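Given the sequences, and given the hints that come with them, work out the whole structure.
Chains as they are written, first to last, in the numbering used here: chain H, 1 to 88; chain P, 1 to 480; chain W, 1 to 480.
Since the hints were derived computationally from the structure, they do not count as laboratory data. Please read all numbers here as calculations on a predicted model, not as lab measurements. Where is the CB? At the ideal position from N, CA and C, for every residue including glycine. Hints may contain errors.
If we take Cβ atoms under 10 Å as the criterion, some of the chain W residues that face chain P in the derived model are [said to hold, decoys possible]:
{"hint": "1", "residue": "Leu53"}
{"hint": "2", "residue": "Val289"}
{"hint": "3", "residue": "Arg333"}
{"hint": "4", "residue": "Phe453"}
The lines below spell out each chain.
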Amino acid sequence: MAHLARLALTEAEIDAFTGQLGDILDHAADIEALNVDGIEATSHPLPRTNVFREDTLRPSLDRDEVLSQAPAAEAGQFRVPPVLGESQ
Amino acid sequence: MTALELAAEVRSGQRRAVDVLEEYLTRIDTHEASIHAFNEVTTDLARQQAQAVDDDVQAGRDPGPLAGVPVAFKDNMCTRGIPTTCSSRILENWRPPYDATVVQKVRAAGAITIGKTNLDEFAMGSSTENSAFGPTRNPLDLSRVPGGSSGGSAAAVAAGFAALALGSDTGGSIRQPAAFCGLVGMKPTYGAVSRYGLVAFGSSLDQIGPFAANVADAAALYEVIGGHDPLDSTSIPDLAPTVLDSIDRGVEGLRIGIVRELSGGAGSVEGIRSDVVDRVQAAAVALEAAGATVEEVSVPSTTLGLSAYYLVAPAEASSNLSRYDGVRYGLRVDAATTGEMNAATRTEGFGTEVKRRIMLGTYALSAGYYDAFYGKSLKVRTLMLQEFAAVYQRFDLLLTPTAPTTAFPLGERTADPMTMYVNDVCTIPSNLIGHPAISVPFGVGHDGLPVGVQVLGPALSEALIFRAAATLEAAAEMDR
Amino acid sequence: MIGHEPSLPDDWELVVGLEVHVELATKTKLFCGCANQFSSEPNTNVCPTCLGLPGSLPVLNGQAVAFAMTLGRALGCEVRPSVMARKNYFYPDMAKDFQTTQYDQPTNVDGELRLADGSVVGIERAHIEEDAGKTSHVGGGGRIGDANYSLVDYNRAGVPLVEIVSRPEIRSVEQARAYVSELRNILLAIGVSDARMEEGSLRVDANVSVRPTGSQELRTRCEIKNINSIRSMGRAIEYEAKRHVDLYASGESPHQETRHWDEDGGRTTPGRSKEDAEDYRYFQEPDLVPLVPTAEEVAAIDEQLPMLPAQRRHRLTQLAPNSADAATIVVERGQDDLVVAAVAAGADAERLLTRVQNDLAVDDWTKVDAEGLAALIGMETAGELTATQTKQVLAELVNHGGDPRTIAEALGFEAMSDDALAGLVDGLIADHPDEWNRFVAGDEGERRKMQGFFTGQIMKATQGQADGRAVADLLNGRAG
Ligand SMILES: [Mg+2]
Ligand SMILES: [Zn+2]
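Below is the structure:
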């Protein structure tokens, strides 16, 4: 789980979190136990559909301003340590 | 003096915006060190803006409805070129290349942007103790929390550092600190205020809303920030956020329900303090006195809200917070590979509460648990929407406490996250179902600290909840 | 590649499903107004949204959705109500560290692709998603594993894609190639993508497995990525299938994993295996709202669909049943409307198709009109022009336009009457009795040799204007 979230937790943190997550999930037992057969899921509190924008250009950002915030940049690009694993 | 009175004087040339600003800056100079409301006070920018407002007035141009009014912004709203940190190490020193829509709107209304206020890291918390830059203290009692997560914004208004402030409310983060600091705080209908430029916590729950010392000022700020924004797909089209002109119409003939599950008596969730319950009862009496009918109503699914919220919000947050990976902006802790760098950066950059919620959300969304937790929470949401819709057939508005207690002492609840989470039980339902809600101060508890009562209404009932709030405000003043 | 690639032994059958990513030819990206443009300077087409900056929000490009639905209908899919979802995983070229895509509710489902050879491949789904940025690996020969560091350009991040997922119904490399080229033809015909594999606007991943011939099982498959051309797709599939057969032959079996095609090495290399595959924690994108196309919208798309390649091929083979191959090529080049019009103007369909396939330059043919082409083919059919002359007139038509008869006259291609040609032939026979004798009495070889002699003499005398076939007919007639 911590790997999925790209977090490196200490043993103590893992212990504490496991207990606390357990408490929270215990509390969520009321939901787990609930019979919600036939009830639709609501991802959005307000029902809206089909929100689109026109296919028209809007100005992009200034590259220097963008890269000024980068931890490392080179040749107009963001620089990162070697990438292991695969692109999708 | 109210913000609206202040704006009227500046617009008419009676007072200069630069002079008003210096008064506020002086108060900040004197008291900020003991309160820590701000992550950054943008003094130079504020002085330039105040001068520009005065120039406009001199030249006969109207600077706008909030002319010269100092406004503070929770530090999770993007301000171009000005650090926007979310009170997190991971964004320390990040200067966004763009402004949030609300920031643009507030500036366009002639207001002065005085600074960025402290919050629980990424708005995750109910006390503003989870800030990477240290806690904010309650100006009414420095040993107590201001509430959270918008505690810095609440403290700034309560301490007179700003006439108005904006906060964000994902599970009560405007209303609860407003209650703790004796202010008016309001969460609009989901989609009534643009989220563009608000750093996301729980995307389907987050809304920006106003803090003010009185109801009319809060209404004025809501009118400025409300309305459609094409940059936010969940923004409501053709919305006219007009509330101020009907604010004095009272509550005569309105049907108001007191939610049994949040009223402290039989059938209520535990932990709602009796002195808080007393103030809600007093508010009910005041509303009746003003011509409304008030009766108790049961809304059973409100008690499920807390569990659903503490699964939905962390789930969305775990995904929203993935982007803090050390690649494009913010903190980077170097490592041999990008994957290790991502983990090192996030481990160092996030505080404990943020990590806890990321873990919880990752868990709730993971393949084996999605249906039992996240999926089910979304169905609970449907259940709540249906139940509230039925209740609003019979009632125009609902009345509850804003928080189970008054402001608690610093450090009292940091050890056990669950006691902190329970604090949000009254405010969470409106976020899950996207309805508007407002907290109004209504007297004090047995500890002498302010108690907030909460008025809930159906979607887009902003005008109505402001009317009820104004009625309560007037009654509270008579009480005093 | 024919001849030097290993093919499968007869007792093994190839099972391939293709996932084709197509970049849509919109002006702007899927969720923001940045230019959707190939080969701009790095990181110049970026904004808060496609950089995944904190606070940014997506708004769907309506044109991208319209293109996706058009493609869906062209593939015979059902266009359904759909939602966008988040696919959560960390990768530096993914600005938000999640991809906004479609998961359990895609826009297009259940279609099919009818190939030129008459076979049909089922389409499982064609869903909308965003592209990622581009990571280049510096040092170590540019290979991902050996690089010293990497650079990320987000110009491509957020470019609209449709991912077309076929059913595992492809049974040969030839069919896989035909599938991709037919898909390309459709994309070009409906104008939703420029479908350039070399620029990455059409990318193919191949899911490859094998099974004993005649069996219906689906064995463990491997997904091959990094395929850069139709040619390498063929090589990759053959290599991978052979690898599976070899594994089974030695009593092992492949395990499910992603593999990369190594063009230089001519082999696939292992990537991430499914055992340590990510749990993507898909959930509905809360910052976007559902897409609900109406029946009217879908009907309007159908109405505007141009005639598709399969129908166009069918139209030509109806006219010229013996020219199926020519029809395929002519349709691929988009010359079929011209052919149909020229046939309507009286041209012989088979002869016309041969001419158009072989002699109508791909780039300039649009200058030829159907009437002129029909007139020219008519002259050839009537024997007024030889094949060589017809090609010359056609070239002139393409370059300068005009009337084919006038061009033929200007080139000195006087129509030689049958009588004049007969006179020439008779004169030649009288002048060369020995050769004539060998033609009449000689064996097959001798006769052919002498026919060549007489034809050559006639061509010399007429400066190539005579029709060789007519000469042969005359010689044969005189010989009895
Ligand atoms: Mg995909
Ligand atoms: Zn962009």
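Here's how the hints hold up against the structure:
1. Hint status for W/Leu53 relative to chain P: holds, with the closest Cβ pair at about 7 Å, below 10 Å.
2. With a cut of 10 Å, the hint placing W/Val289 at the interface with chain P holds, because the nearest CB-to-CB distance is about 6 Å.
3. A distance limit of 10 Å between C-beta atoms decides the matter here; for W/Arg333 the minimum to chain P is near 42 Å, and the interface restraint is violated.
4. Among the interface hints, the one on W/Phe453 is violated; its C-beta lies about 78 Å from the nearest C-beta in chain P, farther than the 10 Å criterion.
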